[in-house]
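Novice: So the chains spell out like this:
There are 2 protein chains.
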Amino acid sequence: MHDYPALEALAEIIRLGSFDAAAARLGITPSAVSQRIKGLEDRLGAVLIHRGPPASGTETGLRLMQHLDQVRLLEQGLDKHIRPQSGPAVLRIAVNADSLATWFLPAMTALPVLYDLVVDDQDHARDWLRSGQVSAAITSNPQPVAGCDASALGHMRYLALASPAFIASHFATGCTAETLSAAPAVIFNSKDALQAHWAERATGQRLRLRGHLIPASEPFARALALGLGWGMVPETMARSAIANGELRPILPDLPLDVPLYWQVSRALAPAIRPLSDAVKKRAAENLRP
Amino acid sequence: MHDYPALEALAEIIRLGSFDAAAARLGITPSAVSQRIKGLEDRLGAVLIHRGPPASGTETGLRLMQHLDQVRLLEQGLDKHIRPQSGPAVLRIAVNADSLATWFLPAMTALPVLYDLVVDDQDHARDWLRSGQVSAAITSNPQPVAGCDASALGHMRYLALASPAFIASHFATGCTAETLSAAPAVIFNSKDALQAHWAERATGQRLRLRGHLIPASEPFARALALGLGWGMVPETMARSAIANGELRPILPDLPLDVPLYWQVSRALAPAIRPLSDAVKKRAAENLRP
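Residue numbers (the working numbering), protein chains in the order written: chain P, 1 to 289; chain E, 1 to 289.
Among the hints, erroneous ones may be present.
Unchecked claim - What follows is a set of in silico ranges between Cβ atoms, one per label pair, in the way DEER data are often shown:
1) P:Ser151 x E:Met1: 53 to 59 Å
2) P:Ser181 x E:Tyr4: 46 to 52 Å
3) P:Ala269 x E:Arg273: 52 to 58 Å
4) E:Val47 x P:Ser181: 46 to 52 Å
5) E:Gly52 x P:Pro164: 36 to 42 Å
6) E:Ala152 x P:Thr173: 27 to 33 Å
7) E:Pro54 x P:Glu178: 39 to 45 Å
8) E:Pro252 x P:Ala284: 38 to 44 Å
9) P:Leu254 x E:Leu251: 48 to 54 Å
10) P:Ser31 x E:Gly147: 36 to 42 Å
11) E:Leu74 x P:Pro252: 38 to 44 Å
12) E:Ala152 x P:Arg63: 39 to 45 Å
Think of the hints as simulated: they come from the structure by calculation, not from any bench. Glycine is no exception: its CB is placed at the ideal position from the N, C-alpha and C atoms.
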């Protein structure tokens with residue numbers, strides 16, 4: 001078996017950023033914390049903590065923290081009389097920013113754990129699952145990661161939007177490969193391929209778009225209304241801005257539907273079933289089939 | 001002088017994630033791109049690109065990309081007849097999530113560049129400036145980074161909020177060290193010390209808080225309304241949720257005022273003056289003195 005007291009020290013150091021804070025939280029001395037980590041590193045032959053400051057986990061250290069969290073979640077599922085006294089269970093999940101900004105949040109109340117949300121693009125959430133750093137994720141790829149089950153959630157509909165003034169000045173001659181390449185886009189971050197996908201559908205060509213990088217969902221949509229560029233916004237988030245005339249579809253009949261899947265580590269699926277059920281229910285109510 | 005065609009190739013690879021995409025954007029062959037990068041790496045004796053996929057910049061590579069962006073910004077400030085044909089200027093700045101979610105965005109329209117926003121905690125934005133990876137930043141520390149000037153913007157007022165049901169169930173016996181340590185907090189990410197600072201003011205003790213990590217401003221505030229925990233929200237963002245009864249201050253008379261500063265690289269200050277003026281004006285209208 002693993003040395004669980006050492007793993008607990010490891011997780012506290014990574015979460016709190018220092019050996020001293022971890023010692024205080026665990027009620028032991030800093031030198032006891034150091035010894036636990038050193039012993040673990042020696043046995044495993046791997047560095048687990050970048051000493052910092054602030055201290056942070058190496059890839060292997062983060063993987064072990066995630067393992068500890070999963071063991072705690074399983075312990076929480078034991079009947080009360082055989083359940084150990086333990087720190088609160090932490091559930092680390094990867095959620096795409098637009099799901100978090102629109103439909104996902106209320107589902108989280110279904111499971112009494114502490115959530116550690118990793119916000120990443122739906123196209124890249126599988127990497128977090130594959131490396132074992134999250135226990136569940138919203139992905140755009142239906143292919144289950146090894147050891148995980150995937151359930152279809154429905155489709156998130158995106159509209160290509162801009163302000164009326166922006167459309168008048170950049171797309172007066174139509175939405176073509178030329179005008180789209182010249183007009184600044186707004187892009188969430190360098191992983192966000194939605195604008196490029198839509199531009200390829202609209203023109204039949206792969207374009208190299210130039211754009212602002214604004215990695216936050218609501219500010220992204222407001223940047224469009226301010227005329228900084230055009231970009232893809234979930235229809236549910238854009239509804240009122242379209243109704244009041246701040247935003248307009250560039251091409252009214254060309255939405256982009258992104259399929260979303262809920263992937264859960266099989267070993268943890270029973271422990272987090274209430275969350276999974278709530279996620280599927282919210283998705284059914286808020287996404288397109 | 002630096003080899004600027006090689007720096008342009010470097011920046012395109014980092015922004016687009018591949019040598020082939022950079023070649024297509026620059027209208028040269030992939031092997032010409034490889035040669036430029038290899039020549040630059042040999043001359044500097046440093047690796048500039050993690051080959052991936054996707055390709056990404058090393059710390060030194062990112063620093064050089066930022067240098068190129070700054071040179072382009074300076075070129076854009078030249079009179080038209082001596083200004084070179086060049087790619088669009090990109091301005092990389094660090095902004096804290098709550099400023100981006102509330103008052104900052106409209107200031108960005110004052111300068112016609114492509115923005116690359118780095119969203120990070122105001123307490124950590126100086127690190128981005130110091131490592132030369134951004135040209136300007138919103139910081140909470142008045143101390144200018146070497147080579148930068150700092151201007152005071154005012155104070156962002158935060159309120160410690162929770163839902164009325166959460167307050168009734170977790171703070172029925174008052175807001176004490178004991179009840180605050182037991183109640184789940186909502187925390188932006190592991191760098192976010194606002195909840196801990198406020199708890200120390202409220203109780204006179206340094207507490208170790210447990211909490212959910214929800215790294216997005218609007219979802220953070222909605223998580224409080226859903227009863228997931230208590231946390232610090234800018235007063236301007238919380239106004240309507242307080243008015244309609246979804247959120248309530250835990251202690252009505254204990255706000256936390258965070259000073260904010262605008263720090264700009266001195267070499268670039270003239271080139272981005274319109275942005276700096278707009279940032280100061282928006283701050284004066286939206287922050288407390």
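Novice: All hints, please: hold or fail.
Specialist: Here's how the hints hold up against the structure:
Checked against the hint of 53 to 59 Å, the C-beta distance between Ser151 of chain P and Met1 of chain E comes to roughly 57 Å, which is consistent with it. Here the CB-CB span from Ser181 of chain P to Tyr4 of chain E is close to 23 Å, at odds with the stated 46 to 52 Å. As the Cβ distance of Ala269 of chain P to Arg273 of chain E is approximately 56 Å, the hint placing it in 52 to 58 Å holds. Between Val47 of chain E and Ser181 of chain P the CB atoms are about 32 Å apart, so this pair departs from the stated range of 46 to 52 Å.
Remark: the range hint 36 to 42 Å for Gly52 of chain E to Pro164 of chain P is upheld by a beta-carbon distance near 40 Å. Checking the proposed 27 to 33 Å range against Ala152 of chain E and Thr173 of chain P shows it is violated: the Cβ atoms sit about 46 Å from each other. For Pro54 of chain E and Glu178 of chain P, the hinted distance range of 39 to 45 Å is not satisfied, since their beta carbons lie about 27 Å from each other. In this structure, Pro252 of chain E and Ala284 of chain P meet the distance hint of 38 to 44 Å, their C-beta atoms being roughly 41 Å apart.
For the pair Leu254 of chain P and Leu251 of chain E, the supplied restraint of 48 to 54 Å holds, since their beta-carbon distance comes to about 51 Å. For the hinted restraint 36 to 42 Å between Ser31 of chain P and Gly147 of chain E, the CB-CB distance of approximately 41 Å keeps it satisfied. Our hint of 38 to 44 Å for Leu74 of chain E and Pro252 of chain P holds, since their Cβ atoms are close to 42 Å apart. For Ala152 of chain E and Arg63 of chain P, the hinted distance range of 39 to 45 Å is satisfied, since their beta carbons lie about 44 Å from each other.
In summary, the structure is inconsistent with hints 2, 4, 6, 7 from the numbered list given earlier, while agreeing with the others.
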